[in-house]
Amino acid sequence: MAREASDAHITVSHLTMAYGDFLIQRDLDFSVRRGEVFIVMGGSGCGKTTLLKHMIGLKAPVSGDILYGGRSFWNATDEERELAKRQFGVLFQSGALWSSMTLAENVGLPLRLYTSIGEAEIADIVAYKLALVGLAGFGQYYPSELSGGMKKRAGLARAMALDPQILYFDEPSAGLDPLSARLLDELILELRDSLGTTVVVVSHELASIFAIGDNAVFLDADAKTQLAVGNPRQLRDSSPDPRVRRFLRRGATDDGQAVPAGVN
Amino acid sequence: MSSPPAQAASLDLLRTGEGVLKVRLAGDWLLACPVPSASAVLEQLRSASPPRRVEFECTDLGRWDTALPAALVAIRRVAEGAGVPLVDERLPPGAQRLLRLAFAVKEREGARRVHLHRSLAEQVGQATLNIRAALVALLSFIGVCSQSLLRMARGRATYQRSDLLVAIQEAGAESLPIVSLISFLIGMIFAFVGVRQLEQFGAGIYVADLVAVAMVREMAPIMTAIIMAGRTGAAYAAGLGTMKVNEEIDALSSMGVNPIDFLVLPRLLALVIMLPILTLYGSLLGILGGATVSLVMLDVSFVQYVAQTADSMQLSSLLGGLFKAFVYGSLVAVAGCEQGMACGSSAMAVGQATTRAVVMGIVLIIVSAAILTVIYITLDI
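Which chain is which? The protein sequence lines are A and B, in order.
Mapping to the working numbering: the first sequence position 204 is 204, numbers consecutive.
Mapping to the working numbering: the second sequence position 211 is 211, numbers consecutive.
Rather than coming from a laboratory, the hints here were simulated on the basis of the structure.
Beta carbons: idealized from backbone N, C-alpha and C, even for Gly.
Hints may be right or wrong, so weigh each one.
Stated by the list, open to error - Among the chain B residues that face chain A by a calculated CB cut under 8 Å, a handful are:
#: 1; residue: A26
#: 2; residue: D65
#: 3; residue: A70
#: 4; residue: A111
#: 5; residue: L116
#: 6; residue: R118
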């Protein structure tokens, strides 16, 4: 890959992932630059979420490593890994809010655990984060009282609580209405521009991929490895691999003909 | 990354002649460092003579993170409430955009909640009403289960035989170890107490009567039922509650399957069938426990002990004990299933439903034990 290593915020190097004997993906090799929106894409069941779990330290790789700012993540000690985890926030697929706490408590917990900010300031920060995701005034609600989309946005507010350098999103726009999905995309770009956050998004929503993606990796379930790395719009127009072009054009071939899935 | 030491953040106010409030922000506004409170601005905005507009002055503002927009959002919210316009064009462009984004979605009318303080009397009243509501819910659930049993008797209930068999195995065979242990030990404890007391009168052999009657009539049904309330009743509440959270029960209803028939009926039947059988087994183990203690502490043979036990047993005691087990089994199953089906839609709610199922099950067992004992004595069983 022709990319300066000094610029890389996250480097995935020769990563192989498996559940027991069942190989998910092998030889993944790409890097994410500081302050870019990076998309992990591919069809259902290709291991996108599994890759995310490796990147955030929930599942150990079979071989290979992930580097944060040049420092090894999986060959580090447990304490070093815990410390590295503090620099990222994660938005899980369905929010993963703690059901025994109100939204304000959910968002405030990381601030209470890891900073020495006073209660009044925490209340201000929580109100601001909830407003950013469009949930102003919902601080006293419990997760079970919210719709799926609202839970997801609240999960984002919690992921952003500590101003992380890296934000991970697992299927951010799934289950959101088009307008909320658009607002979320704008928020992702805004976080990148205003705070310089590096964003990694697992997604197969084409509209959102083209709208926000600076760079992307394409995983394939059959080949069990990455097929392409690059800007998603360029991949759509000129990827040498027909599988990648078809995916990014919703199954249409080069002459614009829609081909039913399964044919060809 | 090495960053220069942070400059202390500051916030100064300047009120000009035309009623403009100038807020001068300086230094580094970072979460990691102490940040001045915005309350001075808020006081000005809330005062009797609020400023005509608020302007910002940021020439000396250094680095900033969430600390800055969090304060700005608090200021703008109060300013909007007071009808004071906020001029944000001097703010850093990033902060301006974040501020705009934070106010992009209007706060929904009536979304904000106010915590109401309730008086003691109100809380007591509410708690009483809750108890009544719980009783009504339990009774109506018993009614629904009875209807389901009637449907089953007419062969109209939809459920899977395999579910029933699995439930019977879980409630029956898999409970044998714990029932064995508890019953055997309870029998031993009774025998210890009995030997100490009856030996003083030279009536040691009557320990056999004491253990047999106590186990068969009272202790085996109650102890087995309490074990099953903690073991199987809790499992029913947690299992059904999780299915509720995952919308599995809605999925059954939408397919036209009555969830009571499909899920509750097999569990109810399993406990109602297995609890009397486990009680019988528990009585036997209890008597064995009593025999063990008596053989060691008294001068009796095993044959003597068994003959004395057989003498003391009446069919009515045995049937009375089994009927109690039947009643307790139904109550434990109903409590577990009712709490599971009424579970809320979060992980916390499953835990609460399980707790309530066990507490309710044990309370129902003890209350019905008292009522049944009075009835038995009156009827001279």
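Going through the numbered hints above, which ones does this structure break? Give me the numbers in ascending order. Those not satisfied are hints 1, 5, 6.
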